[in-house]
Amino acid sequence: MTQFDKTDNSVVVVIGSGAGGATVAHELCEKGIKVVVLEAGPRFTIDDFHNNELAAYQQLTWADKRYATGDWPAATLAPEGPNWIVKAVGGSTVHWNGLSFRAQPHEFKPLTTYGEVEGASLADWPVTYDELDPYYSRAEDKMGVTGTHGIQRHPANNNYKVLYNGAQRIGYTQISNARQAINSEFRDGRGACIQLGFCNQGCKMGAKWSTLYSEIPKAEETGNLDLRSGCMVLRVEHDKAGNASGVVYVDAEGVEQRQSARVVCVAGNAIETPRLLLNSNSSLFPDGMANSSGEVGRNYVRHVGAIVFGEFDKPVNMHRGITVPGTVFDEAKFDPTRGFAGGYLIEAVSLGLTNLAVVGDAAGWGRDYTGFLEKYDHLAGVLLNGEDMPRSQNGVSLHDTERDQYGLPVPIIHVEEHDNDHAMSAHFKIQAEALLGAAGSTKNHHVVTAAATHNMGTCRMSAAADKGVVNSFGRTHDVKNLFISDGSQFTTATAENPTLTIVALAIRQADHIAAEMSAKNL
Amino acid sequence: MKRRTFLAGSSVLTIATLALPQYPVRAGEPFTDAQSAALLRMVKDIFPHDALSDEPYQAVVGQLTGAAADPNMLAMLRDGLTALDAAAEGAWIDRGEADRITALKTVESTPFFITVRVTSLFGLYGNPAIWPAFGYEGASYEQGGYLFRGFDDLDWLPEPLS
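Going down the list, the protein sequences come from chains P and U. Counting with this note's numbering, you get residues 1 to 522 for the letters of the first sequence. Counting with this note's numbering, you get residues 1001 to 1162 for the letters of the second sequence.
It is worth saying that the hints were derived from the structure and are not from the lab. A portion of the hints provided could be inaccurate.
Unchecked claim - Listed below are several chain U residues computed to face chain P (Cβ distance under 10 Å; list not exhaustive):
{"id": "1", "residue": "Ile-1046"}
{"id": "2", "residue": "Leu-1104"}
{"id": "3", "residue": "Ser-1109"}
{"id": "4", "residue": "Leu-1121"}
{"id": "5", "residue": "Gly-1135"}
{"id": "6", "residue": "Arg-1149"}
{"id": "7", "residue": "Glu-1159"}
Said to hold, decoys possible - Below, a list of computed lysine-lysine pairs in the DSS-like style, where the Cα atoms sit at most 30 Å apart:
{"id": "8", "chain 1": "P", "residue 1": "Lys-443", "chain 2": "P", "residue 2": "Lys-375"}
{"id": "9", "chain 1": "U", "residue 1": "Lys-1105", "chain 2": "P", "residue 2": "Lys-314"}
{"id": "10", "chain 1": "P", "residue 1": "Lys-443", "chain 2": "U", "residue 2": "Lys-1105"}
Small disclaimer: the values here were computed from a predicted structure and weren't measured. Using N, Cα and C, we set each Cβ at its ideal position, and we do this for glycine too.
With these hints in hand, go ahead and build the complete structure from the sequences.
As structure tokens, then:
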């Protein structure tokens, strides 16, 4: 394996190996650029994954302490663990569902499209859909998204049959089981899906795209990648001119190290990324690195979420096969007559019995609850994934006194939900009940989702340096060789699952970094 | 596993804060037979499934008994059972189901109840032995997934056209 010297100041240092970090690293390696990736978690192989919800949760989850405050469900239901993301090589691409819709053109201009929404910090992205279009295409090809590039859709599984028929019967027309970054046939060195039903536990077929077994080994084959797992970055350092000069981290043996850098890309997920910038304060950057705007850590968005399970007279067996096997897109449009701005996706979803018992009702017990669980193989689920309103006060800050195992201040994630989010959620619940009822459900069970998995917006993109943290290439306005490469750079949430857009932005960013390095601007 | 991870005051808990309690499974000591019987009754009342035998519930009591090697945990569980008897104005275990549930509701926000509930939640629903009773088939990789084992066998709705 390639190893670069820690004093080598010609390398690009990428912090994090998930969708954003590993993609930008791989793209740079293919262009002949030397990259060091620092990943906080351990490196697993496909053989290590568990077809078991509890074992996988314990193996993969980022369990370092975080506090949730505000009025979102996590503040009461998961006050010390409000985010379900992965701490391992591959990041949250290990446990993601694979759903890969593009954000819609108007969603890059939410302020222009929706108008000012009181109490929200809506802003237009400094990049347009048309500019991203070719990168979306490259991302879909890279990830093997079904229904694009001639890639076959998967056959309909049981849970999708319920979604499809219910949706069709209430008049929806945009119903699809395509747009999955899950191989329907052998492609790009990865096997085909055999409907394991454990997408969120690490795909044991490697059919679902994950940087763990796609971008990272490909980057390693170039000889230009030095991946160091078990390495938690403490701070980014800068030179007298204010350019990033290296990063200080604790290695897998617990020893503090420093890696010099020509360019630094931060991709630690939208909690850890702003946390690292805030922790990288100095006399030159008293409020944290790249934070002259004061926007680092603000405008946190995580999608409006909820789940409804319908009970049916006949068996469904939702657990057999792809976890999120299909989507209704009809409500993803902008239509203010519904009483809210933004749109949402309705996604079929299944949970195993263990996770269903845990999240079905966070305080549930007694015969009502166990009666619901006993219907397990007669249940079908639908999930809300909608655009939540960004708010300046929502975001990531540092605890005044409490430190984690690395000596870093514990992050606090604060969310005050906007009325628009509640209006959207209420609309979904009515539509979900109608959909499930039309498919034949006799009873519906509503689940509050506490833990956020789509974390975005905490280092938002903006054209103006005083309105956001990074420009349209994810380059920080304040530090010319410091980039944000994950969902933190999203200006707003959009209604779609974020991974495809993260990957498209990362490919575009890598092209930009390489061009700027060639031009000696970096 | 640290206790704070599943004992966040009186707040309700979710998978995001929880890890499977990994207590050694023990029987008997430090509990009396009556206390062990009351714990078993309580675990069954919290998650009643008439189709299940006592065995998976006993396994949860074994986990609680193992956890009680910690003196603080032992005191909390013993005191909790005492409080339950007080709420039932007599031996809680001898009351009918409706009365037992009424008594449990008076303690449901206590660390005692939350500890027993959360231990039962993971101990019971994380136990593969009970899954067949629910129609949950669990691990599938070793059997080739569900591609040839019914992933699309729902036949009471028309086949999707897209």
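Hint by hint, here is what the structure shows:
1. Ile-1046: holds (5 Å)
2. Leu-1104: Hint on U/Leu-1104: holds, closest Cβ of chain P at ~8 Å, below 10 Å.
3. Ser-1109: holds (9 Å)
4. Leu-1121: Because about 6 Å separates U/Leu-1121 from the closest Cβ in chain P, which is inside the 10 Å limit, the hint holds.
5. Gly-1135: holds (3 Å)
6. Arg-1149: holds (7 Å)
7. Glu-1159: Where the cut-off is 10 Å and the nearest Cβ of chain P is about 7 Å from U/Glu-1159, the hint holds.
8. P/Lys-443 with P/Lys-375: holds (11 Å)
9. U/Lys-1105 with P/Lys-314: violated (34 Å)
10. P/Lys-443 with U/Lys-1105: holds (25 Å)
Violation of the numbered hints given earlier is confined to hint 9; every other hint is satisfied by the structure.
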